[in-house]
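Peer 1: Go by the hints and put chain B onto chain A.
Line by line, the protein sequences are chains A and B. Take 238 as the starting number for the first sequence in this note's numbering and just add one per residue. Take 616 as the starting number for the second sequence in this note's numbering and just add one per residue.
Think of the hints as simulated: they come from the structure by calculation, not from any bench. Just so we're clear, the structure is a prediction, and the values are computed from it rather than from any experiment. Some hints could be false.
[To be verified] List of simulated lysine to aspartate or glutamate pairs, DMTMM-like, C-alpha gap at most 25 angstroms: (1) K269(A) - E689(B); (2) K268(A) - E694(B); (3) K268(A) - E689(B); (4) K832(B) - E359(A); (5) K356(A) - D629(B); (6) K356(A) - E740(B); (7) K269(A) - E694(B).
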Amino acid sequence: MQFLTILLDTVLDVLPIVAIIFGFQYLVIRKKVRHLSTVIAGFGMVLIGLVLFLLGLEQALFPMGGLMAEQLASPDFLPMVVEGVQRHWSDYYWVYIFAFAIGASTTIAEPSLIAVSLKAGEISGGTINPLMLRIAVAIGMAFGITLGTWRIVMGWPLHWFVLGAYLLVIIQTLLSPRSIIPLAYDSGGVTTSTITVPIIAALGLGLASSIPGRSPVMDGFGMIALACLFPIITVMGYAQIVRWKIKRMEKKT
Amino acid sequence: MKTMLFSFLRTVRDSLRDLAPVILVIGFFQLVVIRQPLPEGIDLLDLVTGLIYVVVGLSLFIKGLQIGLFPIGENLAREFANKGSMLWLFAFAFALGFGSTVAEPALIAVANKAAEVVAEGGLIEHTVAAQEQFAFTLRMVVAASVGTAVCVGVLRILTGWPLHYMIIGGYVIALTLTMFAPEEIIGIAYDSGGVTTSTITVPLVTALGVGLATAIKGRNPMLDGFGLIAFASVMPIIFVLAFGLIGV
Numbered sequence: 238m239q240f241l242t243i244l245l246d247t248v249l250d251v252l253p254i255v256a257i258i259f260g261f262q263y264l265v266i267r268k269k270v271r272h273l274s275t276v277i278a279g280f281g282m283v284l285i286g287l288v289l290f291l292l293g294l295e296q297a298l299f300p301m302g303g304l305m306a307e308q309l310a311s312p313d314f315l316p317m318v319v320e321g322v323q324r325h326w327s328d329y330y331w332v333y334i335f336a337f338a339i340g341a342s343t344t345i346a347e348p349s350l351i352a353v354s355l356k357a358g359e360i361s362g363g364t365i366n367p368l369m370l371r372i373a374v375a376i377g378m379a380f381g382i383t384l385g386t387w388r389i390v391m392g393w394p395l396h397w398f399v400l401g402a403y404l405l406v407i408i409q410t411l412l413s414p415r416s417i418i419p420l421a422y423d424s425g426g427v428t429t430s431t432i433t434v435p436i437i438a439a440l441g442l443g444l445a446s447s448i449p450g451r452s453p454v455m456d457g458f459g460m461i462a463l464a465c466l467f468p469i470i471t472v473m474g475y476a477q478i479v480r481w482k483i484k485r486m487e488k489k490t
Numbered sequence: 616m617k618t619m620l621f622s623f624l625r626t627v628r629d630s631l632r633d634l635a636p637v638i639l640v641i642g643f644f645q646l647v648v649i650r651q652p653l654p655e656g657i658d659l660l661d662l663v664t665g666l667i668y669v670v671v672g673l674s675l676f677i678k679g680l681q682i683g684l685f686p687i688g689e690n691l692a693r694e695f696a697n698k699g700s701m702l703w704l705f706a707f708a709f710a711l712g713f714g715s716t717v718a719e720p721a722l723i724a725v726a727n728k729a730a731e732v733v734a735e736g737g738l739i740e741h742t743v744a745a746q747e748q749f750a751f752t753l754r755m756v757v758a759a760s761v762g763t764a765v766c767v768g769v770l771r772i773l774t775g776w777p778l779h780y781m782i783i784g785g786y787v788i789a790l791t792l793t794m795f796a797p798e799e800i801i802g803i804a805y806d807s808g809g810v811t812t813s814t815i816t817v818p819l820v821t822a823l824g825v826g827l828a829t830a831i832k833g834r835n836p837m838l839d840g841f842g843l844i845a846f847a848s849v850m851p852i853i854f855v856l857a858f859g860l861i862g863v
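Here chain A stands alone, though its shape is the one from the complex (with noise of 0.2 angstroms):
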């Protein structure tokens, strides 16, 4: 029964992107589709992989990341306070080591962030190192998840943690090298995979029901969008330090 009401709702969903290919395709290209056998098998395969996709979230991904933050920021488990004193940040800490671990290695292994680091050390001409830039989105990623925890447990305005970074992009952009900057802006969408977002989106929601003093609604979102903008800014800090290698060694010789 769940099933056949998550799929009606999946026809729904992918009916838009249908009606448009097609559409197009035969009213304004007018060309006959080639294998139509083979597309139409496609469709098939997409509606019942959303479908899967969407119980296996209800049923593991979004209890996982809830799962964790509700252990994570339980009484029981935080070190003892005295009845009735606020709680400092830094209790926290095994919250922060985890949302630090899941970012880092979410995105190390990320299979289209490694195919477009490949590409950018090809491009670069050997100056770009694809693992070091792996690790420079990975560690934007982890931090930017890790301050979005922070932000939570501190409940400070996103919007303050968003200007700061958007400085930041704006002054790495100005002083990086130009062909660095589309691939830079682009990393911070490579990271966040569609396994990767719902857990993160669970967490950052089940640390602010978790807290006392904090409301999911105020507090449990921003989490993936600092993970979208922190990479951008490793990035481009990498690039500057490859320029700034080369430049050295070529006052040296």
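Peer 2: Then chain B, alone, in the frame of chain A:
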């Protein structure tokens, strides 16, 4: 058939590689740091079957896109890039951004979660219908914003305006709107910028960008093809903030 199965298994491996670090980190924390039994209502077996659904589902989804949607979409993108009709090019760019975002799994996930949270916070009625309505509207707003973003990106490729000034302009607009938008929507708005750029949107939109940049003289496909995605992560912030301002 056999090659098909092989390439499907490769997709499964990629999804597993996405999931493995998550499992490792969470497993390590559960066994070494937390060392507590799972709380009531969470069953290990449910989690495992759920993860299997996620991996199989995501693999089927991606494979289906690769054999069904992407070849036609990429082909269309090239055709429109070469066709020369501005009106159709922009119509197609908008439709492509809009349509691919509507079906984006990460966006569906976050929109549903946002609706739940907003309902619990008492901002909308706490009914299934009201939540579905909110999630649907949010996704439509984000999809329209990505459609617009792709149009702006196409315009940039055609005119050759520098990417970073336009992005910085987008940041300024987003921050200005933040000052006036209701506080409850700010977190959701900034997060929706990050969820739009995943499974479907990136390949299709990149195909359009690279196709255009190849068709126009004096554009570098590598440099100009990339920029479209950057817009697709700023524009949703602006649109969702505006949506919050106009009224939830």
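Peer 1: Determine for every hint whether it applies to the structure shown.
Peer 2: Verification of the hints:
With a C-alpha separation of about 15 angstroms, the suggested pair K269(A) and E689(B) falls inside the 25 angstroms cut-off, and the hint holds. A threshold of 25 angstroms between alpha carbons decides the hint, and for K268(A) with E694(B) the separation of about 11 angstroms falls inside it, so the pair holds. With a C-alpha separation of about 14 angstroms, the suggested pair K268(A) and E689(B) falls inside the 25 angstroms cut-off, and the hint holds. The suggested pairing of K832(B) with E359(A) holds, with an alpha-carbon distance near 23 angstroms, which does not exceed 25 angstroms.
Taking the CA atoms of K356(A) and D629(B), the gap is near 18 angstroms; set against the 25 angstroms cutoff, the hint holds. Our distance criterion of 25 angstroms between C-alpha atoms is broken by K356(A) and E740(B), whose separation comes to about 49 angstroms. About 14 angstroms separates the Cα atoms of K269(A) and E694(B), which keeps this hinted pair within 25 angstroms; it holds.
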